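Chemist: Going down the list, the sequences are from chains G and H. Quick note on this note's numbering: the first sequence kicks off at 1 and runs consecutively. Quick note on this note's numbering: the second sequence kicks off at 390 and runs consecutively.
Read the hints as simulated data drawn from the structure, not as lab findings. All figures in this text were calculated on a predicted structure; none of them were measured in a lab. Positions of the beta carbon are idealized from the N, C-alpha and C atoms, including for glycine. Where hints are given, some of them may not hold.
[What the hints assert, rightly or not] Covered stretches of chain G, going by a simulated chain H footprint (3 or more residues, C-beta under 8 Å):
1) 37-50
2) 83-89
3) 111-125
4) 152-166
5) 178-188
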Amino acid sequence: MVTGVRIAGVGMTPFGKQSDRTSRELFAAAADEAFTDADVSREAVEELFYGNFMGEFAEVQGHQGPLMANAAGVVAPATRLESACASGSAAVRQGVRAIRSGDADVVLVGGAERMTNISTAEATEALSAAADGLWEIKAGVTFPGAYSLMANRYFHEFGGDREDLAHIAVKNHENAVENDLAQFQRAIEIEDVLEAPTVSTPFGLYDCSPISDGAAAAVLVSDEFAEEHGLAAPIEITGSGQGVDNMSLQGRESIVETPAARRAGEMAFEDAGVGTDDIDVVEVHDCFTIAEVLALESLGFYEPGEAISAAREGETTIDGDLPVNLSGGLKAKGHPVGATGCAQLTEMTKLLRGDHVNSDAVSDASVGLTHNAGGTVASCIVHVLEVVE
Amino acid sequence: MSDVRDNGYDDFLDAVEEDEPYYLESPSENGWLPPAVVDPNTGEGDLTEQPLPETGEVLTFTTTNVAGPAFSDDAPFVVAVAEFGPVKITGQLRDIESEEVEVGQEVTLDTDQTETTGDRLLVFRPA
């Protein structure tokens, strides 16, 4: 029988502008917190999987597997995963697979990104490398631009407008107000979103996740290890799925669907033996406001064209039927690219364990889902977390 | 501007400039831009060059105000995805004000140079 994978401990630095902190310093801090939270020694770690996207660009640093093993104080095989903004979840997923395969009982997973030590223009250029280098970047496509192309096509096919998207930004900022790890711990109004400087039509500044520095880490262990060592590890990763799509928007049948997310979701749901109706709380990859809409539709929580009004109608707010991004999401929590996937895991773990600042809003929740996307969702990784005690 | 060519991409831009643009068609009649050895969706080989339709239709567009260093002097600019028969192409819109662009706008395909670097790029002009 395949072993279950328990989340023994999690750690996360504050997200935000901390440009003098190197990615190794950030990851060391997150890993240290995860080890303390897990009550697992560094010597027990049998493998490290680490996510990072733009280290070569921002820090002129490749070969980050051993660098981060050194930073975390772990002497174990160490591999860096790169899957654009889904790099962090790629690391988590490899950790899950290592434990399930029987290769390891204890793995350290996580990711980090340092982004604010370079200019906004340079970061914009670095991020655009997640798009197709020939057919999109050479045409001037930026990441806000790519998601704007998706948003404008969505409006054309299904309706909706900037105000619908603004409700998503307002919701996610509201969720982050009490989250000390979030980059933006302040509420905003609809007018703030609508009147913000335009980045790429239809997006203003508040439709976009910020440029951030930060790290997240988690110690994953097998059921047997948790039992033998008497660990309090009440959260299990019961489902893991990954999907792929054509790299560029122009290569896709539809510009407003993200089949990589659908594929990843179906795989994770089947793996966990649950469906959308079983999910109590969700963290999705809201790098731009429209991304939350596309995620909820592709995962099957909404039919195509129907998630645009979910935040406005209060369905995905903290007291709605399906609370989405109680951490603040990428939008308000921040988006240090390589850390984001694991940060979704750490925040969801705390939400389900009851030690997140917003846990009281979902005190009966027992099943959570995380959705982490790379590029314009050419990559997507979904995990299902359950309280198992 | 780099003198090193990107095979497939630069071949396509050359073909646009020679008024002989083409796409690659797979046995399943899916259309792709070069370079492609196989149909990404089906894995089929035996791709054949087919003439690209002369006009396309804008599917979506955006005006980008915040650009990276390679396009800093070009901003603001309008990026669009247009459909030319079985293939979609990404390019910048020329010869039309951004306020006048609509989804469904008929366009032709051309090349131009960026203001910032002088690199070639694909552009659309009203048909």
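Chemist: Hint by hint, note whether the structure agrees.
Modeler: Each hint tested on the structure:
Check on the region 37-50 of chain G: 0 of its residues sit with their Cβ under 8 Å from a Cβ of chain H, so the three-residue criterion for coverage is violated. Judged by the Cβ-Cβ criterion of 8 Å, the region 83-89 of chain G is not covered by chain H as claimed, because only 0 of its residues qualify and three are needed. Only residues whose C-beta sits within less than 8 Å of a C-beta in chain H count toward coverage, and the region 111-125 of chain G has 5 of them, enough to reach three; the restraint holds. Remark: the region 152-166 of chain G is confirmed as covered by chain H, as 3 of its residues place a Cβ nearer than 8 Å to a Cβ of that chain, reaching the required three.
Counting residues of the region 178-188 of chain G whose CB lies closer than 8 Å to any CB of chain H gives 0, so the stated coverage by that chain is violated, three being the minimum.
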